[in-house]
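Participant: For reference, the chains in residue letters:
Protein chains: 2
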Amino acid sequence: MISNLMRPKVNGSSAIRRMFEEGKKLAAVYGPENVYDFSLGNPNVPAPEELRDAMIDILKTEDPLKLHGYMSNAGFDETRQAIADDLNHRYGTVYSAANIVMTAGAGSAMNITMRSILEPGDEVIVFAPYFLEYNNYLSNYGAVPVVIAPHPESGFMPDVQEMCAKITPKTKAVIINNPNNPTGAVYPAEVISQLADALKSKQEELGTVIYIISDEPYRELVYGDAKVPHIPDFYNNTLICYSYSKSLSLPGERIGYVLVPPQSDGWEEFVLSLSTANRMLGIVNAPSLQQLAIARCTGLRSNVAFYERNGADLYEGLTAMGFSCVKPDGAFYLWVKSPIDDDAAFCDELKNERVLSTPGSAFMGPGYFRLSYCVSHETVVNSMPSFKKVAARYFG
Amino acid sequence: MISNLMRPKVNGSSAIRRMFEEGKKLAAVYGPENVYDFSLGNPNVPAPEELRDAMIDILKTEDPLKLHGYMSNAGFDETRQAIADDLNHRYGTVYSAANIVMTAGAGSAMNITMRSILEPGDEVIVFAPYFLEYNNYLSNYGAVPVVIAPHPESGFMPDVQEMCAKITPKTKAVIINNPNNPTGAVYPAEVISQLADALKSKQEELGTVIYIISDEPYRELVYGDAKVPHIPDFYNNTLICYSYSKSLSLPGERIGYVLVPPQSDGWEEFVLSLSTANRMLGIVNAPSLQQLAIARCTGLRSNVAFYERNGADLYEGLTAMGFSCVKPDGAFYLWVKSPIDDDAAFCDELKNERVLSTPGSAFMGPGYFRLSYCVSHETVVNSMPSFKKVAARYFG
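For the protein sequence lines, the chains are A and B, in the order given. When the letters of the first sequence are read in order and numbered with my numbering, they come out as residues 113 to 508. When the letters of the second sequence are read in order and numbered with my numbering, they come out as residues 113 to 508.
It does not matter which identical chain is used: a pair holds within one copy or between any two.
Here are the simulated DSBU-like cross-link-like pairs (lysine-lysine), alpha carbons at most 30 angstroms apart as the crow flies: (1) Lys312 - Lys339; (2) Lys178 - Lys137; (3) Lys463 - Lys449; (4) Lys449 - Lys278.
In short, the hints are calculated from the structure, not lab data.
So here's chain A without its partners, still in its complex pose (with noise of 0.2 angstroms):
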């Protein structure tokens, strides 16, 4: 019934849901409060009071047929505008609302550029380790992943001469995600340079256009003075996907967009090509109260003091047990090192002490787990016991 392509796809899902279920098992034998889940990437902020004051207003004033009805496939204008009135007012930029296409989160953003982009056959390069549902994403397009192996000297960076040797005529893209899930590393402005000089040059000496995608729903989470760099000011044939899931605490609303810079090449076309996207794969409209929430309220953040408590102290207790962690700068994960090569065995080890984790294999960084740290500090706290008694049999 269901093809052969979604079959090995569906059975990951059980694989997840399995976990799901052993989580929940614990919880019912030790009680919630003793489980330590650290597996998910679910926002525990609440949103801004702002944004749910700005929803109701917009339903009791706002004409129901503009509010719940079709709007251009890329979005309001008062939408696209405010977004991009805040983009230049933070980066110095001159974009207007043609530049920008709202869409159902970041998910949805990419999917609509690796559609405009991508034939059977195309090379998307990615760096390890990485979210691996960009490998879906291209699967739907017939497009395949060229991994970049991860690079553990340098904190996780993007290793650009890799990256320069694995790029071929069927390079369409590069995939960056930062801040990174699951690392927790923000690459910096040189990072970004030197990878920005590296595909300029690809480009010129292949003549094809080779696109950084750049997947930001983490942008605003970032820790003490790590700044993260406007892509577009370094390359401009860069395609921003952005998603308001957890700079506002808003993940299950489905609400992004992608920004095309006015420098990228035609980028105008572009533009019309993602909205047309919108509508070929069914989504036809970013929801449109949310829209025009996001119009009121691009100036709100979540609370990202709560999440870097979360992640010092989980990063100040795991390594004075012994863990080597990456000291993440951004995002809500700590990407830690396993103590033995196996990092599935190691998530289970975590397991029976109650605590849920992500192997590093589920990222293509193998050797490495992931603990999302979106939880409560008391989460962060009571877990330390069972950290520590899983660190005695290896650090002792």
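Given the coordinates of chain A, assemble chain B onto it according to the supplied hints.
Facilitator: Positioned in the frame of chain A, the structure of chain B alone reads:
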């Protein structure tokens, strides 16, 4: 920059945009009240007030972490259960939450369905005239439409004989759209029964599974005695793609579902495949606030009488002038025979009298044109002199 696959789709979009721009030009010259726009399918009956009140109450009372957070890719259990209950109440069925997957509208419902069953080279039967976006959906997965010719003698009922002749081992599905866009026809039980029997024989003969994909966004918009048959009562391998866009006037909000009946082959795996496809296509889940609102509003309906009056008045008016029209039993479309073979040229004649319509060729139904009467009643009344002026040239 954009792919060869996308370029013709984007150019097609430009053509629609040009028509839209021309309409705006006419409105600027003659005043918007003197332009009669029957080209769009955007409901003009406002969403029920109860729905707005439900959304406001949810925003005020629901925990924001639940309200705006991720849920299962298939949707909130309470929403899926409320929909199952509503269907059971209406059709005497025994559906549960497990048979429903929430989607970002019917277009997205069709895409996750197609993503689940189609592989490159597969064939899907469609009955002309039909909503041409289906072709784009199929092209996403490398599948091709097999078009059954229009059957004006039967009032544009599906031609079961031609369907049978065109089914091959590659046929994965038959798309039905009932009530129909663009004809406004409603296929009655005896037609569905015939079609179901023919498909059962074909499944047996070929040893394959052939799904009916039933696209039913207009299901609640039916007039007089017309009844929309519940296809799973006739055929097990039915997948219903539904949207609240028309029944609750929420097209911009992107909320709908797929129903997978428990008598369909491998339905549990199919439901899992649909939720996986929600994730793979980057939509992840239907927007969460809209889902929770629907859970409280399954019994609400839009003002059907409003559309019925528009349809009846337009039908009476145009037939009195000499036009041949299909008497609409549902949806909000009137399908009119063009007095000349070149339907696009005739639509241009109407446009010169400030009436905007859509040529039948845009639905693979040449020689006809479509009037979308989700407009104010004044538009129907005030457009009559324009129609009369053009009619006088042909029906004297």
